[in-house]
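*Asks:* Chain B: place on chain A using the hints.
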Amino acid sequence: MSTDTEAVKYKATDFKSSAEPRWCPGCEDYAILKAVQTAMAQIGRPSNEHAVVSGIGCSSRFPYYMGTYGFHTIHGRPLPVATGLKVSNPELAVWVVTGDGDGISIGGNHLMHALRRNTDMTILLFDNRIYGLTKGQYSPTSEKGKINKTAPYGTIEEPSDPLGLAVECGASFIAQISATYVKELVSVLVEAYNHKGTSFVHIYQNCYIYNNGAFDGFTERSIRDDNNIKVEHGKPLVFGEKSNKGLVMGYGKFDIVEFEPENIPDNVIIYDETDLTLVRMISDMKFPEFPVPMGVVKRVALPTFDDAVHEQIESAKTKFAPDLEKLVSSGDTWDVK
Amino acid sequence: MAVEKQLEELEMVTVKFAGDSGDGIQITGDQFGNTTAIAGNDFSTFPDFPSEIRAPLGTTYGVSSYQIQFAAKDIFTPGDTPDVLVCFNPAALKVNMSTVNKGGIIVVNEDEFVPKNLKKAGFESDPLDPEDTTLQDFRVHKIPITTLTLKALEDMEEMGHQDKLRCKNFLALGVVSWLFQRPLEPIENFLSKKFGKKPLILEANTKALHAGYNMCDTMEIFPIMYKIPAAKLEPGTYRNINGALATSYGLLAAAEKIELPIVYCGYPITPASEVLHTLAALKQFDVAAIQTEDEIAAVTMALGAAYGGSLGITGSSGPGIALKIEAINLAVMTELPLIIFNFMRSGISTGMPTKTEQGDLAMALFGRPSDSHLIVLAPESASDCFWISIEAVRLATKYMTPVMVLSEGFLINASEPWKLPDISSIPKMDARFRTEPDGYLPYKRNKETLARDWVRVGTKGLEHTIGGLEKTNETGAITQDPENHDLMTRLRAEKVQKVQNDIPDVEVLGDKDAELLLLGWGSSIGSMRASAEVIAKSGRKVAIVNLRYLNPFPKNLEEVLRKYKKVAVVELNLGQLNMVIRSKFMIDTAFLGRVTGQPISVVEMVEFINNELDLLKEH
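Residue numbers (this note's numbering), protein chains in the order written: chain A, 1 to 337; chain B, 1 to 619.
Excised from the complex, chain A in its bound form:
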């Protein structure tokens, strides 16, 4: 792998492929594609050191538009493919692009285990709360009551909560962001890459065709500051258009307090991304009672799966010489003359 990365300056376009993206006009996948390419340029590793693995769905077309290595796999299975790739080639930067259907529904089992296994890779879960590629059926994150092709009378299921899922599965890095926050998205992606272990990034991504406006309640420019909260390690949990609201410790949950801007009360929580109680409380906040958290929600250092696999191999080598002749002739043998 190249070592001259520091001397080289990369541009976002260095990570583009020659293929023209084929998403619908207005799709926020374009914004995420641009953000990933920008993040890679900032990360400063050449395109051959990145691999993007995806499943099936609109978002999973992603690798075709990247100038990196890419593998467009099958529905729900990018995580184990990416894990196998990382174990095989530990120096690669491995990225997984999946969606709410791919990652939480058909591939839900792999997500649960990938998050606890902690292979060093970055998972981008594009959540548009709908099946777009198959033309508008409800997804596991669709809100209850949503009218759609497979639920003409409205869905009757409680939606899955991706953030809470990641917390419960013990992910070592969890972030949440909307595709509309272009700058913040790039910085979250860089942070996610920098984290050693599985980084889970939940991205709200509007589907212009089948679920337009799904996130307007907390992403629309005029009201968003009152409806989501920027979560940042070491900073107070403050939000509001005038930065006049904050989160304080309540009875088993946060309480919202209002105050004069610039005059943040002492009891407003200073966020600690390593504090599992705060992580859980942040992930438990339900919109619209609470603002939607945006930013890095959890970051803890844990041993990675890929390291552990190779450490065991190396440790075995120090104990037993890999001598095949000897192995094959081990146990009782006898000579026939």
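These aren't lab readings, by the way, just hints derived from the structure by calculation.
None of these values were measured; they are calculated from a predicted model.
Don't take every hint at face value.
To be verified - The calculated EDC-like cross-link candidates involving lysine to aspartate or glutamate, where the alpha carbons are at most 16 angstroms apart (straight line), are:
(1) A:K326 to B:E507
(2) B:K460 to A:E91
(3) B:K460 to A:E220
What the hints assert, rightly or not - Covered stretches of chain B, as calculated for chain A (at least 3 residues, CB under 8 angstroms):
(4) 290-300
(5) 325-337
(6) 437-443
(7) 464-474
Idealized CB from N, CA, C, for every residue including glycine.
*Replies:* Positioned in the frame of chain A, the structure of chain B alone reads:
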């Protein structure tokens, strides 16, 4: 004082141990096999056990058994029917007595023949009663194995009663070792290795073993003892090997020869787990043996590793293989060297997990959506699992295609003597990774093999994306062009067919100039060769072809089949190879298929052959 014993020399013998699944039957059988090997006999074993780990005591469905045939000559099967049956309880007798050869020896643990156990086994009267006629065709030896074991260990006061009872299988092993004049030393070595850290258990088992042996030497239990002289095997150093070990060692050898690490991914399933267990303990050979969250994760993780440039391997059995199909098709589409071991067991669905079958051939050949072709191989014996593993790696990487190895549950546990291979003489292989960016196209093919280039992910200048969508020939750009899809579908099929140029012709065994040819695959070769010997002795003729390559077939197969007046297909299913042979070559075949969960018996096959020969004579 020792009584003078008569010694009779035999050419071959089949012995079966049977008892509760908690009686240590498999370990007893394994140890008898080992000591038989060291005595220089050829042998073949058939471990047979229920899927329940500890079935309720004394029940017929909980009976576990281990059959071994050993001989002073080459043998091919674990034997149809035992000459000696050792029963640890009435249920074991009930299940197995009808298979014992007339005049055969039955050794029973008479302590277990109490009314409660007899009733559980379904005996209406005590078969050991002198008035009872159930066992009149056999030479029955009643030995109070439990009492004798406790007696032999009575001075070991620090040992519990239950622990003492657990030693009774070694007392029985001592008895059978005496009967066939086997050395005890290999068993003692095994015990010291296994129980070295538990001196009490080591001492107790060793004592029980000697007690069984010495008792026969001293007492009039058996009027006769048997000697099976050493077989005339090819000179060399031998060991005892089963299919699980041979498969694992073969993969290690292949990895060494191609200089690639192994990523073997599996989910626990009977009987495939044995290979995962073995490889998990051999990490020093650059093996990542990963237990995944499910079968699909196992195959896709292996595929991710193959994409990265490692040997990506997964192993499973029927229900697990079914789950992997979509991912296997992704490997066919992306043309990556994924290796899939299918340790076939009796189906359908959960079926009979610990029993054997050759039921997955049609699935391997045709069981994927669309026109999807891959290489299919089948090992023919426990030791052949070693060579088939190497061949799977060679062909997968050379042709950039998945390979499915149809191995068998029977081979995983069966053991046989194996002449140690000279590892250094196994040819080196080349992974042929492309590193040259100039002129690289992801789906440009090698002219001879039609394989696309394998690129280690990370290589500078070769960035590209692959996936399950149809792609343009050579460039790999996604497309729905109709003619291109037709072309690509044909190219993928043709590539697999090209493997014909790279595999050996079939060899005809038995009487080459016979009119009848038996055609089988995988482990069927055992019963076929043993039957051919019987047929030859009776003055009739039969030829044999056994297939290790099932897709593509060896080049000369059709020509060979057409030389015979009649082709008879034999397999452990209801006619899967038979269907392929008939449709592919338009040959009118005869067919013998069985799905009993056990190999086809020699008696049955001989009868079938004789019938076919009679029919040929009539025409």
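*Asks:* Any of the earlier hints contradicted here, and which numbers?
*Replies:* 1, 3, 6
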